[in-house]
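There are 2 protein chains.
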Amino acid sequence: MILKDVNTLQKAFAAVETLAAQTPWPDAVTLVKPEHADNGGFWPQGFRAAGVSAGIKSKRKDLMAIVSDKPASAAAVFTTNLCCAAPVVVSKAHLECSASSMRAIICNSGNANAATGDQGMRDARSMAASTSALLGVKPEEILVASTGVIGVPLPLDKILAALDMIPDALERESCFDAAEAIMTTDTFPKFFAVDVRLSNATVRIAGIAKGSGMICPNMATMLGFLVTDASIEPELLKLMLQSANAESFNAITVDGDTSTNDMVAILAGGNGPCIQQGSPDAELFYQALRHLMIFLAKLIVIDGEGATKLVEISVEGARDNHDAERAARTVANSSLVKTAIHGEDANWGRIIGALGRSGAHFNPEDLVVRFNDLAILEPGFISNFSEDEAKTILSKNSYVISIVLGQGSGKSVIWTCDLSKEYVEINGSYRT
Amino acid sequence: MILKDVNTLQKAFAAVETLAAQTPWPDAVTLVKPEHADNGGFWPQGFRAAGVSAGIKSKRKDLMAIVSDKPASAAAVFTTNLCCAAPVVVSKAHLECSASSMRAIICNSGNANAATGDQGMRDARSMAASTSALLGVKPEEILVASTGVIGVPLPLDKILAALDMIPDALERESCFDAAEAIMTTDTFPKFFAVDVRLSNATVRIAGIAKGSGMICPNMATMLGFLVTDASIEPELLKLMLQSANAESFNAITVDGDTSTNDMVAILAGGNGPCIQQGSPDAELFYQALRHLMIFLAKLIVIDGEGATKLVEISVEGARDNHDAERAARTVANSSLVKTAIHGEDANWGRIIGALGRSGAHFNPEDLVVRFNDLAILEPGFISNFSEDEAKTILSKNSYVISIVLGQGSGKSVIWTCDLSKEYVEINGSYRT
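Going line by line, the protein sequences match chains A and B. Be aware that the first sequence starts at 4, since it is given in my numbering, and climbs by one per residue. Be aware that the second sequence starts at 4, since it is given in my numbering, and climbs by one per residue.
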């Protein structure tokens with residue numbers, strides 16, 4: 004989805020509008036229009052957020068804070084990468100020590116504070132401690148995150164100096180600034196909020212995210228921060244986050260690489276109604292959260308480095324869901340499939356080539372492949388599609404590749420993008 | 004290794020000369036100079052080969068035959084892709100039925116005869132049967148192979164008509180023609196031969212290969228055909244081929260995709276001395292074969308689609324060899340590492356990011372990363388290298404990235420190339 008010649012905020016609005024129209028929102032959900040999302044129109048009651056420039060990235064916002072007026076229930080999922088970054092280690096420990104009661108999230112962009120050894124650990128703790136001092140809360144009530152280049156010491160002095168700007172910035176309650184301050188190679192800020200009509204009240208869920216390169220699901224694959232005014236016990240919040248994450252941020256891929264810094268966190272501030280496990284409200288809330296997270300995840304794919312297409316890889320008829328996921332991920336990550344998507348080439352041979360090496364169980368003779376509703380391959384290797392019809396679909400910004408394995412009822416959906424020359428351009432010179 | 008502005012044969016000579024100088028050939032091995040490789044100067048005694056134009060690819064050679072004057076011992080390894088092509092199925096059956104005694108290999112390029120169903124099976128059998136009739140041998144004494152586009156019926160008529168040209172072409176004993184006839188997106192023909200001084204005689208081993216896209220080790224990853232005049236029992240030949248293959252064709256990667264058609268076959272014609280299992284000659288022969296196969300495999304990486312660099316990923320100190328291989332393969336296949344290699348960017352953060360998600364066991368604090376002899380990362384995340392020295396290495400056409408995991412004695416070597424815009428260009432429009 005190339006959205007050129009518009010400024011980043013217009014890009015964000017355009018991406019949100021396109022996606023919002025495609026997303027099958029539950030009935031109980033009302034979308035917060037993106038153009039109404041700033042100046043207090045975005046964050047749920049009890050939350051404020053800010054984005055300021057600490058000077059890590061030249062002249063761009065690079066330090067974000069989300070603050071809850073009172074202790075909030077928190078849950079988070081983190082990267083499974085063995086080389087996880089210092090802030091990931093510190094945030095996990097803080098969740099543990101504070102019994103999942105949190106007051107704020109502090110996050111910088113431009114430097115990942117990863118592979119920075121003992122100094123990195125001290126820096127991540129300092130960043131949390133200084134934020135806690137500023138807000139008058141305990142250090143373990145702060146979640147800390149970083150994103151950017153790996154292996155370079157965190158410019159802690161710049162971050163600590165910039166913290167002084169946070170209180171004033173919080174008063175502006177800007178969602179744009181916060182979403183912008185966590186961007187790295189993202190080309191537009193990613194934010195979205197929904198209102199959910201529960202049985203007796205309405206709650207808001209709002210989220211910001213960043214992604215772009217190094218996006219491969221194996222937990223979170225990027226940064227996502229969600230807040231809600233609902234009151235939810237940490238245990239239920241964690242169940243909901245993990246489950247929704249598996250179908251959203253973990254179901255996208257840009258380049259198959261999993262970052263050292265991935266984190267998705269949610270804070271439930273408790274100013275709104277209380278949501279009990281097993282209640283109809285819990286189901287309503289969960290579905291809204293899941294759709295919001297899928298929405299933010301797709302925004303990340305749309306803004307994948309060099310990406311021009313958002314393609315859903317849907318696998319059905321697998322022996323089980325695990326097998327379906329293997330098949331879908333292998334197709335979604337295949338460089339040959341991704342370049343064919345980029346070239347708008349109906350090269351289904353590459354799709355079955357990827358399926359064949361995925362490890363999923365199937366009989367090649369049973370395979371069915373469709374682009375949207377157009378049958379490309381039918382059982383017995385019958386392939387009689389119209390190249391023109393295929394071209395019409397492949398030239399769209401967004402479509403579905405459906406694969407039926409003919410084994411059982413296992414299924415999986417993964418969202419991917421194309422592999423373009425711009426991806427190589429961007430990643431050939433990221434560090435220098 | 005971009006070798007522009009020269010014709011394909013000059014490219015081949017240049018690539019061979021560059022690699023030959025780098026390869027640590029065993030003492031017993033004498034290289035056959037590539038410029039002497041045509042007109043009877045290449046094939047071992049008892050073998051002839053030909054490459055002709057069947058018209059599958061417009062105006063280019065696309066049908067290859069290698070013929071043994073008498074029944075030859077044969078061994079082969081095949082793709083593990085579940086969607087393997089018809090010729091793979093047929094060749095496996097022929098090896099079984101003929102008790103590994105073979106007379107010829109027939110191979111077309113331009114069409115993979117993969118995902119072609121029952122008709123594809125009939126076509127592959129016809130291709131073998133017609134070749135056997137031409138040579139006056141049994142159909143099961145023919146290995147048949149195809150490479151090219153997937154899912155399009157094999158133009159069998161063209162192949163059968165072109166078979167008539169094979170006898171005359173065989174008389175020319177051209178290695179260039181044969182190597183050229185199996186090319187797809189390769190930019191130069193790949194061939195090399197060596198003489199091996201055994202205890203009482205000298206034997207020749209000669210091989211041709213093709214690769215380019217869809218190259219990922221999981222067996223053979225491409226086509227490789229080897230012949231020798233030595234006399235070797237099929238069982239020993241198979242052991243040698245499998246073992247050498249694991250360290251050569253299975254240790255290279257261009258884009259992580261494994262083809263439906265991969266095959267590496269060797270024929271031992273029996274005109275030369277007999278090599279017994281466990282003898283010093285067997286070891287000499289094996290080492291020569293292994294080095295020749297590594298050499299051909301590296302030629303494939305050098306000619307990887309859009310590739311400009313040949314990079315050896317060497318992992319040591321792993322818990323075991325399997326863990327080392329996981330680590331090496333993950334780094335070698337990472338799009339982020341491959342674009343950094345392309346951009347000549349000393350971005351070691353991406354290397355440890357890939358290591359961290361590889362599943363290999365290690366303590367991140369113990370990691371050592373070197374570019375050739377230059378330490379980039381030392382234990383405790385100490386990274387004090389000179390950017391200029393790193394740049395000098397990264398600007399070379401070929402270098403080694405060494406990784407030490409600090410766990411045990413497991414090790415693995417994988418060869419990879421960079422990911423360039425040309426890769427996207429080539430693969431965005433392969434089929435159409």
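Just to be clear, a hint being listed does not mean it is correct.
A pair counts as met if it fits within one copy or between any two copies, since identical chains are not told apart.
[As the list claims (entries may be wrong)] With a cut-off of at most 25 Å between alpha-carbon atoms, the simulated DSS-like pairs for lysine-lysine come out as follows: (1) Lys424 to Lys141; (2) Lys424 to Lys62; (3) Lys424 to Lys394; (4) Lys36 to Lys141; (5) Lys141 to Lys161; (6) Lys414 to Lys62; (7) Lys399 to Lys73; (8) Lys62 to Lys141; (9) Lys36 to Lys394; (10) Lys161 to Lys60; (11) Lys414 to Lys424; (12) Lys394 to Lys95; (13) Lys399 to Lys424; (14) Lys36 to Lys62; (15) Lys394 to Lys60; (16) Lys95 to Lys241; (17) Lys62 to Lys161.
Derived by calculation from the structure, the hints in this document are not laboratory data.
For each hint, the structure was consulted:
{"no.": "1", "hint": "Lys424 to Lys141", "result": "neither (47 Å within a copy, 50 Å between copies)"}
{"no.": "2", "hint": "Lys424 to Lys62", "result": "neither (28 Å within a copy, 30 Å between copies)"}
{"no.": "3", "hint": "Lys424 to Lys394", "result": "both (21 Å within a copy, 23 Å between copies)"}
{"no.": "4", "hint": "Lys36 to Lys141", "result": "neither (35 Å within a copy, 74 Å between copies)"}
{"no.": "5", "hint": "Lys141 to Lys161", "result": "within (22 Å within a copy, 79 Å between copies)"}
{"no.": "6", "hint": "Lys414 to Lys62", "result": "neither (46 Å within a copy, 46 Å between copies)"}
{"no.": "7", "hint": "Lys399 to Lys73", "result": "neither (46 Å within a copy, 57 Å between copies)"}
{"no.": "8", "hint": "Lys62 to Lys141", "result": "neither (31 Å within a copy, 76 Å between copies)"}
{"no.": "9", "hint": "Lys36 to Lys394", "result": "neither (34 Å within a copy, 49 Å between copies)"}
{"no.": "10", "hint": "Lys161 to Lys60", "result": "within (11 Å within a copy, 62 Å between copies)"}
{"no.": "11", "hint": "Lys414 to Lys424", "result": "neither (32 Å within a copy, 34 Å between copies)"}
{"no.": "12", "hint": "Lys394 to Lys95", "result": "neither (48 Å within a copy, 38 Å between copies)"}
{"no.": "13", "hint": "Lys399 to Lys424", "result": "both (19 Å within a copy, 22 Å between copies)"}
{"no.": "14", "hint": "Lys36 to Lys62", "result": "neither (28 Å within a copy, 59 Å between copies)"}
{"no.": "15", "hint": "Lys394 to Lys60", "result": "between (42 Å within a copy, 24 Å between copies)"}
{"no.": "16", "hint": "Lys95 to Lys241", "result": "within (13 Å within a copy, 52 Å between copies)"}
{"no.": "17", "hint": "Lys62 to Lys161", "result": "within (13 Å within a copy, 64 Å between copies)"}
The structure shown violates the earlier hints numbered 1, 2, 4, 6, 7, 8, 9, 11, 12 and 14.
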